[in-house]
Amino acid sequence: MDLLNEALDFVRPALQSDGGDLTLLGVRDDGVVEIEMIGACRTCPLSMVTLTAGIEAVLLQRVPGVTGVVSQLPEPVQSSSAPPFSPAEALAAAEAGKSAPAPVKPPRRRLLRRH
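Read in order, the letters of the sequence shown are residues 3 to 117 in the numbering used here.
FYI, nobody ran anything at the bench for these hints, they're computed from the structure. Keep in mind that a hint or two might mislead.
Just the calculated beta-carbon pair ranges, DEER-fashion [said to hold, decoys possible]:
no., residue 1, residue 2, range
1, G21, P66, 30 to 36 Å
2, P15, T54, 16 to 22 Å
3, G67, A42, 27 to 33 Å
4, G21, T69, 26 to 32 Å
5, G67, S19, 24 to 30 Å
6, M3, P47, 27 to 33 Å
7, G28, A59, 16 to 22 Å
8, R64, D32, 17 to 23 Å
9, T45, D4, 29 to 35 Å
10, P15, P47, 18 to 24 Å
11, A42, T69, 26 to 32 Å
12, G41, P66, 25 to 31 Å
13, P47, Q74, 14 to 20 Å
Because the structure is a prediction, the values reported are computed rather than measured. Here a beta-carbon is modelled for each residue, glycine too, at the ideal position from N, C-alpha and C.
Given these sequences and hints, build the entire structure.
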């Protein structure tokens, strides 16, 4: 377990430099390490690349007995005060006297002119 923690500590600075980190959840009998990506890693579109090319590669190289790494998805955060997002929910909110979220306007594109 010490080698595993040392290997995880080796990859942590790279994750933390982007505002993320990981939590070790455990090691299965088949040698698969279970982790949870947290912080910015939780929603990063490149988290699977980080998991396989970064974390898994380091653990497979440095920790005997590790056969793979899987990331468990955290439970989604539920908030009762979150604004409705679908048109049906916005309509229901309006009928209930709540304010619907303001529509998001796309940014204006500026054309560059050559002189």
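Tested hints:
{"no.": "1", "hint": "G21 to P66: 30 to 36 Å", "verdict": "holds (32 Å)"}
{"no.": "2", "hint": "P15 to T54: 16 to 22 Å", "verdict": "holds (19 Å)"}
{"no.": "3", "hint": "G67 to A42: 27 to 33 Å", "verdict": "holds (30 Å)"}
{"no.": "4", "hint": "G21 to T69: 26 to 32 Å", "verdict": "holds (30 Å)"}
{"no.": "5", "hint": "G67 to S19: 24 to 30 Å", "verdict": "holds (29 Å)"}
{"no.": "6", "hint": "M3 to P47: 27 to 33 Å", "verdict": "holds (32 Å)"}
{"no.": "7", "hint": "G28 to A59: 16 to 22 Å", "verdict": "holds (20 Å)"}
{"no.": "8", "hint": "R64 to D32: 17 to 23 Å", "verdict": "holds (18 Å)"}
{"no.": "9", "hint": "T45 to D4: 29 to 35 Å", "verdict": "holds (31 Å)"}
{"no.": "10", "hint": "P15 to P47: 18 to 24 Å", "verdict": "holds (21 Å)"}
{"no.": "11", "hint": "A42 to T69: 26 to 32 Å", "verdict": "holds (28 Å)"}
{"no.": "12", "hint": "G41 to P66: 25 to 31 Å", "verdict": "holds (29 Å)"}
{"no.": "13", "hint": "P47 to Q74: 14 to 20 Å", "verdict": "holds (18 Å)"}
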